[in-house]
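There are 2 protein chains.
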Amino acid sequence: MSLLVVGSVALDNITTPKGQVSDSLGGSATYFSVAASKVSKVHMVGVVGEDFAEIHLEKLRNCGIDMNGLYVDKGKTFRWTGIYDEDFSDPETISTELNVFADFSPNLPDNYCNLPYIFLGNIHPALQLQVAEQMKKTALLAADTMNFWIEGERKKLLDVIKNINMLFLNELELRLLTGLRSPLAGAEKLLSWGPEWVVLKRGVYGSMLVGKDDELFVLPAYPTKDIIDPTGAGDSFGGGMMGYISRENQLNKETIRTGLVYGTVAASFCIEGFSIDRLMNATDTEFQNRLEKLKEMTRF
Amino acid sequence: MSLLVVGSVALDNITTPKGQVSDSLGGSATYFSVAASKVSKVHMVGVVGEDFAEIHLEKLRNCGIDMNGLYVDKGKTFRWTGIYDEDFSDPETISTELNVFADFSPNLPDNYCNLPYIFLGNIHPALQLQVAEQMKKTALLAADTMNFWIEGERKKLLDVIKNINMLFLNELELRLLTGLRSPLAGAEKLLSWGPEWVVLKRGVYGSMLVGKDDELFVLPAYPTKDIIDPTGAGDSFGGGMMGYISRENQLNKETIRTGLVYGTVAASFCIEGFSIDRLMNATDTEFQNRLEKLKEMTRF
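In order, the protein sequence lines correspond to chains A and B. One gets the working numbering by counting positions in the first sequence from 1 and adding 1232 to each. One gets the working numbering by counting positions in the second sequence from 1 and adding 1232 to each.
Note: identical chains are not told apart, hence a pair may lie in one copy or across any two.
DSSO-like, lysine-lysine: derived pairs with alpha carbons at most 27 Å apart:
1) 1444 - 1387
2) 1457 - 1394
3) 1421 - 1250
4) 1485 - 1527
5) 1444 - 1527
6) 1485 - 1421
In case anyone wonders, no lab produced these hints; they're calculated from the structure. A quick note: this is a predicted structure, and the numbers were derived from the prediction, not measured.
In isolation and in its complexed conformation, chain A is listed as follows:
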C-alpha cells in the first residue's frame, strides 16, 4: 500500500571532515522519500521556493516519487547550514533560513487523504496535527520530532504523541521528553502517553523498537568504514522502515522488525555520500546484499 510523507525539502550547505557541499538537496521529506522509494510507492508533501532547481525535481521523479504534493511558493527554499566534526555526531547549526517553509500549511490533495501509511516528518507539531486530522483511512500514523519542538511546543507535541501509532526519536530527545535516562524506561513512559510503538534512533549504535505488547527489538547499525555525511540518516531509516511496512501492508511483529532492518540498510547508504546520491544510486543487489549481511552479522 502507498505511503505519505509530509516534511521539509531543503537546500543544505554542509561541511564534514570528508568535504563540503552547497545548495545540496536535503530535508526530512526528501531523505524519507528516496529511502522509501527503494521499497514502495511514496507520495511527498512539502514546499520549495522558486529557486529550487529542476535537476532536483528530476532526481526525485526518477526515484518514482509522486510529487503532486510538492508545492512551489514565491520566495526561496528552506536552507540549513551545518558543520560536523570528526565524530560525525551532533552537527553545529550555522544558520537555518525557513524561507517558504515558514508559511508551510500542508493541505493534502484529496486522493492523499485515503493513504493508509503516513510519516509526519520533523515539522511544527501543529502542522503534524493538521495533517493527522485530514487522514481518513489510517493504518499506521508515525511521527518524528526534535529538541526544538520538545522544548518550545511541548503541549502541542504531546497532542501529536497521543494521536499517533508510532513515534521516532533519538536518545537525547527521549531524555528531554520523558526526563528519563534509561532508553527502556523512557520508551515505556512514552507508550503510556499514546503510541503503540516507540522507535529509538541511536545513530552509529543502531535502533531500538519498544511496543505496547511487550515488544522489544534491538538492532545494531550496519557498520561502515566510510561515513561521508550523516545528514538525513534518521529520515532515511524511517523511509526504509515505513517503505517496507507499507509494501507488506501488515503491522505484525515480524513485519515491523524487518522494517527496522530495511531502515538500517537505507541509512547505511545515506551516510556514505552527500545529499541523496549514494542512497538513490544503491542498486537492488547492493540493498539486498546489505540486508543479508546485517542478518549474518547479528545472528547467533
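Mind docking chain B on chain A? Use the hints.
Frame of chain A, contents of chain B only:
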C-alpha cells in the same frame, strides 16, 4: 576446559547516583572470575593485602573459584575510589592506591601453566607478557588493556598484542591505539598487528567482534532499567564470554559468538548491583532467561 585469569583484586570506594559503597570487593580478576564461574571452572591469579577480609575470600570460594593463585602480601590491598555521574559512563577517578599491587609479579603455580584458556586482565603489559611466556598449552590467550597503558607503555603493549589471540578493548581505547575513529577500520588495523579476534566493548550499546576470517558480529547490550553501578561490567563480560568458550572448548565462529552472548548477560547482572553481589546471586534460571530474552530481542 579450565580457564585462568590474571588481574587485579581491589577494594573499591564507589559513588553512583544510586548509592555509595566503601571497601567493596572489586578488581578485574574478581569480576571476571565471578562471571566465568557461572559457566565454567576458573582459576584466579592476583594479590591482596593483609587487610583483605575473610568474608571476601569466602564469597569467591563459594562461587567455586580456585584461589590457589591469590597471594596475600604484606601491606594493603589495591584500592580504587571513583564517582559516576548520572550517565554512568566514564567515572571520575578520585584516587588509585596500588599498595601490594605495585610489586605484583605473577608467578603461576606449576599446574596453572598448562591451562588452555587465559585472560590477561588490565595490568602492566610487561606483566601480561610475563604470564604469556609461562603458558605451555594455550588454546586461547586473551588480553584486556586501558588508556593508561596505551599512552604510557605503547611499545610493550604492542608486544602483548602481537602475542595474543584476542584483544578486548573499548571504543576510546581503540581510537587511542589505532588513531582511527571507525570501529571497524580500527579493529581491522589491530588484526593486522597480530590477534585473530578483536572484541570491542561498547558499554550500554553492547559489543562487536571482528575476526581475521572476515568474521563480524554485532550484539546489543541487554537493556536494563536499573543500573546501580557499572564497575566491572567489562570484566564480567569477558568472564562470561571466556567461561562459555572454555566450557565448550571450541574456537569456531558459533562458539565465540555465543560467548559474547553469555558475556552480555553476565555484564547485565553485574551492573544491577554494587560489587559482585547481584552477579554472584543470579540464579541459573535467571541467567538462562536472559540468554533467551536476548535471543528473542535481537532476532528477525
